[in-house]
Amino acid sequence: MITTIIRTVLIYIFVSVAVRLMGKRQVADMQTSELVTTLIISEVASLPMQNIDQPLLSGFVPILLLVAIEIFVSIVMMKSRKIRGVVVGHPIVVIKDGTILKEELKALRISYEDLYSLLRQQEAFDIQNIRYAIVESNGSLSVMNKEESASAENIQNSEEIQNELKKIKKNSEEAKQ
Amino acid sequence: MKRGVIALILLILAGAAAGYQYLYVTSNTVMLVEMLNEADRYIEENDLLKAQDTASRLDHRYQELEKTLNIFIHHADTDAVSQSLASLRRYAETGNSADFLAVSAAAKRALLSMHNAETPCFQNVM
Chain H
4 MITTIIRTVL
14 IYIFVSVAVR
24 LMGKRQVADM
34 QTSELVTTLI
44 ISEVASLPMQ
54 NIDQPLLSGF
64 VPILLLVAIE
74 IFVSIVMMKS
84 RKIRGVVVGH
94 PIVVIKDGTI
104 LKEELKALRI
114 SYEDLYSLLR
124 QQEAFDIQNI
134 RYAIVESNGS
144 LSVMNKEESA
154 SAENIQNSEE
164 IQNELKKIKK
174 NSEEAKQ
Chain A
12 MKRGVIALIL
22 LILAGAAAGY
32 QYLYVTSNTV
42 MLVEMLNEAD
52 RYIEENDLLK
62 AQDTASRLDH
72 RYQELEKTLN
82 IFIHHADTDA
92 VSQSLASLRR
102 YAETGNSADF
112 LAVSAAAKRA
122 LLSMHNAETP
132 CFQNVM
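Protein sequences appear in the order of chains H and A. In this text, residue positions in the first sequence follow the working numbering: the first is 4, and each later residue adds one. In this text, residue positions in the second sequence follow the working numbering: the first is 12, and each later residue adds one.
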């Protein structure tokens, strides 16, 4: 039992350092790849904690490797938008100028109720007042109201958002034809 | 870039641990299997004293190695070999060749299994 206690403390310290090295403090800030890595780390860490027959190294080495891979992936994602798109996806515009974009919602498998709930959490109670609502690649919802849009040129002019808006415009033109 | 360097260091650490484990386990299991073969030869030649001596040396050597082996290998696997080697010495003392050879074969199989498990081949990965 003393061994179990020592191993548990060591694993806790090790995993805390490992997750901290990944550079995120809150689950809400994590991209999907980081969340997956964290889940796998917790699973791998629990095995030598429960089973003292299992060497501690058989938990530590995979965790070290996972953290290293995650850091490399995040560095590559910083340098390549294409790879970032493949790994974590792109933000998706779901509301534009007060109109809910049904096709985008369907593609994301988000129901209207889920969308309203997310909007309420962002303190957006009037859809007509929304310029853009964007589902980010980590699943959170960002809302820009019409009053704010004039002063937020840099964010709404980001390449990803502009590409999404072009795609939406193209889809609606094709639908009209 | 600092995180990139940290990631590289982590990779090197993981690689070093894996490399050391591979070298330590494979070299020592080969040595132990050779000692077992030597003991088998003595028993087959009915040279009980030498068989006893080899079995005793083998047991002591394994007990020293086991402490480090337990860092890399499941304790259940290392314990199984330890039990086999402990009984080998007694069989040699009593001249029980048949049981000696049977237990020796089991210990060899377990050691070779530890050795083969270190090889990064397709079957081991899967």
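I should point out that these hints are in silico values taken from the structure, not numbers from a laboratory. Certain hints may be false.
DSBU-like mimics (lysine-lysine), calculated; alpha carbons at most 30 Å apart, straight line [what the hints assert, rightly or not]: (1) A:13 <-> H:85; (2) H:82 <-> A:13; (3) H:109 <-> H:173.
With a cut-off of 30 Å on the C-alpha distance, tell me whether residue 13 of chain A and residue 85 of chain H pass.
Distance of about 23 Å is within 30 Å: holds.
Proposed proximity, residue 173 of chain H with residue 109 of chain H (alpha carbon, max 30 Å)
holds (17 Å)
Is residue 82 of chain H within 30 Å of residue 13 of chain A, Cα to Cα?
holds (15 Å)
Every hint from the earlier list agrees with this structure, and none is contradicted.
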